[in-house]
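The lines below spell out each chain.
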Amino acid sequence: MNISTEISDRNIKRRLLKDKIFTYGMISFAFLSSIPLFLILYELILKGYKQININFLFEVAPDTMDAMIAVSNHEIIPGGIANGIVGTLIIVGLASIIAIPLGIICGTYLSENAEDRFAGIVRFIVDMLQGVPSIVLGVIGYIWIVKPVTGGFSALAGSIALSIMMLPSIVRSTEETLKMIPISLKEAALSLGVPYHRVMLKVVIPTGISGILTGVMLGISRIAGETAPLMLTALGSTAIQTNITQPTSAIPLLVWEFYNDPNLVSMIWSASLLLLILILCLNLGAKAIAKKWKVQY
Amino acid sequence: MESTILAEMPITKTNKKLNVIQNSIEHIDSPVLKIDDLSVSYGGDKYSIRNVSAGIARNKITAIMGPSGCGKSTLLRAVNRMHELYPNTHNKGAVYLGDENIYKLNPIQLRRKIGMVFQRPNPFPTMSIYDNVIAGFNLNGIKLKRPEKDEIVERSLREVGLWDEVKDALHNRGTFLSGGQQQRLCIARALAYTPEIILLDEPTSALDPIATAKIEDLLVKLKKDFTIVLVTHNMSQAARISDYSMFMYLGELVEYGKTKQMFTMPKDNRTEEYLTGKIG
Ligand SMILES: Nc1ncnc2c1ncn2[C@@H]1O[C@H](COP(=O)(O)OP(=O)(O)OP(=O)(O)O)[C@@H](O)[C@H]1O
Ligand SMILES: [Mg+2]
Numbered sequence: 106m107n108i109s110t111e112i113s114d115r116n117i118k119r120r121l122l123k124d125k126i127f128t129y130g131m132i133s134f135a136f137l138s139s140i141p142l143f144l145i146l147y148e149l150i151l152k153g154y155k156q157i158n159i160n161f162l163f164e165v166a167p168d169t170m171d172a173m174i175a176v177s178n179h180e181i182i183p184g185g186i187a188n189g190i191v192g193t194l195i196i197v198g199l200a201s202i203i204a205i206p207l208g209i210i211c212g213t214y215l216s217e218n219a220e221d222r223f224a225g226i227v228r229f230i231v232d233m234l235q236g237v238p239s240i241v242l243g244v245i246g247y248i249w250i251v252k253p254v255t256g257g258f259s260a261l262a263g264s265i266a267l268s269i270m271m272l273p274s275i276v277r278s279t280e281e282t283l284k285m286i287p288i289s290l291k292e293a294a295l296s297l298g299v300p301y302h303r304v305m306l307k308v309v310i311p312t313g314i315s316g317i318l319t320g321v322m323l324g325i326s327r328i329a330g331e332t333a334p335l336m337l338t339a340l341g342s343t344a345i346q347t348n349i350t351q352p353t354s355a356i357p358l359l360v361w362e363f364y365n366d367p368n369l370v371s372m373i374w375s376a377s378l379l380l381l382i383l384i385l386c387l388n389l390g391a392k393a394i395a396k397k398w399k400v401q402y
Numbered sequence: 009m010e011s012t013i014l015a016e017m018p019i020t021k022t023n024k025k026l027n028v029i030q031n032s033i034e035h036i037d038s039p040v041l042k043i044d045d046l047s048v049s050y051g052g053d054k055y056s057i058r059n060v061s062a063g064i065a066r067n068k069i070t071a072i073m074g075p076s077g078c079g080k081s082t083l084l085r086a087v088n089r090m091h092e093l094y095p096n097t098h099n100k101g102a103v104y105l106g107d108e109n110i111y112k113l114n115p116i117q118l119r120r121k122i123g124m125v126f127q128r129p130n131p132f133p134t135m136s137i138y139d140n141v142i143a144g145f146n147l148n149g150i151k152l153k154r155p156e157k158d159e160i161v162e163r164s165l166r167e168v169g170l171w172d173e174v175k176d177a178l179h180n181r182g183t184f185l186s187g188g189q190q191q192r193l194c195i196a197r198a199l200a201y202t203p204e205i206i207l208l209d210e211p212t213s214a215l216d217p218i219a220t221a222k223i224e225d226l227l228v229k230l231k232k233d234f235t236i237v238l239v240t241h242n243m244s245q246a247a248r249i250s251d252y253s254m255f256m257y258l259g260e261l262v263e264y265g266k267t268k269q270m271f272t273m274p275k276d277n278r279t280e281e282y283l284t285g286k287i288g
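For the protein sequence lines, the chains are A and B, in the order given.
Read in order, the letters of the first sequence are residues 106 to 402 in this note's numbering.
Read in order, the letters of the second sequence are residues 9 to 288 in this note's numbering.
For the record, the hints were derived by calculation from the structure and aren't laboratory data.
Please note that a few of the clues may not be correct.
[To be verified] On the chain A side, residues computed to face chain B include the following (Cβ under 10 Å):
1. 198
2. 285
3. 287
4. 288
5. 289
6. 290
7. 291
8. 296
9. 303
10. 312
11. 401
Don't be surprised by glycine CBs; every beta carbon is placed ideally from N, CA and C.
The following block holds chain B by itself, in its conformation from the complex (with noise of 0.2 Å):
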């Protein structure tokens, strides 16, 4: 099945890169993100992401859909350079935050300001709770006063709603919390920093369902302060709570648009197959 699609794909790609690709990308005014002719390489001159360009909407959330393997992780890794954790990576095109080019930053002052959330749960093991939240502070010799400190650990742990929970267990280790309390943590964790951007790679996907409601309700919360971009398998999740919404095939960038848009009437030929389950 999978095998005839492949083989067909040339053909279409073709068509639609003469035809469709310009307006298949929405434009997006005044954005806070701007994906600029991005290609990324895990090594050699295999792209993993090819030609990627868009821009994320402030204050929005924006979902990355796409098959395994497409290159929804590895496009939102290179927003915050995690992926030059494999030694091999290099990269074409640019991004830009503000005005300035990331790969012009120092990734330790862009991930201060684009924070991320991972697929499973990974609070410190060594850490109490309170200790987790302020962690990027702390690990980073950062000192602050205890009242200063209180107040980010309420104010974050408030944000993801998990203060009323843990409230009287701040000194125990986080470990000790149910897999959705945890996820919530690292959200908190993500937000005692105040980044501009909060990115999350399939945050649910390891949680039961009652604890991805809790996890969608509050990244719909969490919009009005920070612009959020969510990579998701789950395209009704996409659908409930994102905004905008990406589509990748192969590496590329097919469609990007708004949600309901492109959920009720794609331009691409690939995300209705997508969508209708044909693929993927």
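Chain A with its partners taken away, still in its complex shape (with noise of 0.2 Å):
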């Protein structure tokens, strides 16, 4: 008996001990794990704030030519990458035109006929999309738009193949989202002679807009910094273009370009940053989303 709870005791003592390694543990792995974004945006900032100013955000690129003369009279280079802007807007918001009905469309699909055959086949083709190489995109977006469609690089080659890419997260943030969702709610709604196709689109859908909203936003960031798959179909430009047949620029494109011109080096940082911030924003506004949409049944 007393051998028992000394040894008992001695255990316990034991195990709150390892306990706390643990814990200790987890916090500084987690700790550490956060420390590369701290240091990316760290560097960003102290190399990239020089060349942010208003005309960063309103003016096109510039040419090789003033950012040499500008260098070497240690001014900042004129420009900015508005040309960069514009093209992400067009070339992602086009993209999300097209992937979030389909992959609402089709996660809501996913979930009402979880158990049928043809479900199984395309939740299985969802996520071998999702393991596809952004690179391929680029190209089957180059085959299917730029050659047959735009005859040229286009942002609207650009837009489908990035609209493959973002689906996968918004199917199946949509699937989850509605399996989720009790089935009485549905029954509340069919018991007052609603048919089926409202009940989806004014009850089921409303109710998990949050967790599908967020699968959404997600999805944008996840497209907005690619780069190439957009190599292969926008390819850039130095002008705004709004005409989504015409080839057209993008934020990390132009990151790509200012590597390639040892001029402009120094521009890489604040593009980089710029777009960094915006993916950062996406997040957050999707993790605000989720919180202040979250519907309680």
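Starting from the two chains in their separate frames, assemble the complex, guided by the hints.
Below, the structure written as structure tokens:
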């Protein structure tokens, strides 16, 4: 009796110690994994802040001669990345317009007909799609749109490639969200004589809207920084381009161009900083929406 | 215990079929709803309810009792065709609302005439109390003028005794109410359409005794304007508020009659065994 209590006492102390070590271990690893983000931000701000001013947002990228002169005079490089900002907005916007309805409908189908053979196939394909390298989607955009449709590089081709890329996250988040919604809600609406399509559009999807939008925002932030597929589709443009059948610039494309031009290298940091801020904002927005629009049932 | 009863079942069943079944089902004069030899299957040739025939009395409360799995919910849902939610259902027989076979009606029209309240309160979480009450109109795209809406909301909420409790919070979400209030809101939502019949599937089983008592009082009050059919697991609830009772067992309607009569002098052995707690 006595011995056993002594042992269990010692045991308890040991266990508590283990618990403590484990907890502090977790905290320090969590800290470690968040360091890279802060290092990146630190680096970008340090090197990029000089270039960021009003012109940076409203003027197009400078040509290499102007930049060379400015650099040799120790001035900041004139111009900005307005062509990239507008291009990114158009390409990402168009990709969203294509992918959001498609993804939500597809996800709704998957959650409503979870057991169907066809749903199983679709789910498998969507999962595979998630793993397709983005450069391959660029090739697809090139083959499908650039050559046969727009007869040259275009924002449309870029949007199609990116919309395929954001589809899986919308489909899966819609499916997962709608699956969690209790069937009693659907029954309530059906018992009022509401036709099935209205039940889905007016009751079920609005109830899951926060989860669906979170997926949408994460999808957008995933494609906003994509470069490889755009190189094969949108290509880039030195002017602001609003015609979607024409070559168009985008912020990540500009970063790549700056990298390749020794005179413009110092623009990399500020363009990257802006892109990173944009994506961080999208992520924060996703969090805020998830919290604010959360429906309790 | 249960297995011995099941083993004895066939013998009792055939006995009853031969002699007693006819008079253990009460005939109702000019019923509002007439269930005629109804059998319902969720797929295949296994029928979850078999050959049920009964008339439902107008402006009365009819309780459906029976052990778990005997087909109470199936019968109730077959009456407003909610069982069709499951893809492979099929049925034999008919249910008449007035002169019309409900299986020939459009389910949307049918459900406007036969409202339903469920076991767990299920107000629409995205909607305010106000919008929940008129959800039947809004969701069906029926446009009403503001004063009409106000009128319907107030009338329905008064009918369920919720008006005084929520009249200052009509535009808050319905899900912030207590369980009992939510259930009364769901009843108000079903009443807003002024259906002829209200079906309730164990509407109080998720509620505490006080909320339950309120709902029971409410149902007794509502039978003045509506016909009520109620599934309940709770025998004393059936005894307290129902005028007629059905006892179902293994998919059959074993006995149907005036509640008082059934509780004091059941005609079928199985009813008696259920009421005395021997089966179920
Ligand atoms: N969706 C379904 N698919 C297949 N079988 C079902 C389905 N719903 C019910 N059943 C079967 O039909 C029979 C009757 O079920 P029902 O839900 O009507 O019983 P109940 O009397 O309401 O039981 P409870 O008191 O537990 O609610 C049961 O044997 C059940 O297994
Ligand atoms: Mg049931």
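* To do: Against the earlier hints, flag every one the structure doesn't satisfy and list their numbers going up.
  => Per hint list: 1 and 2 violated.
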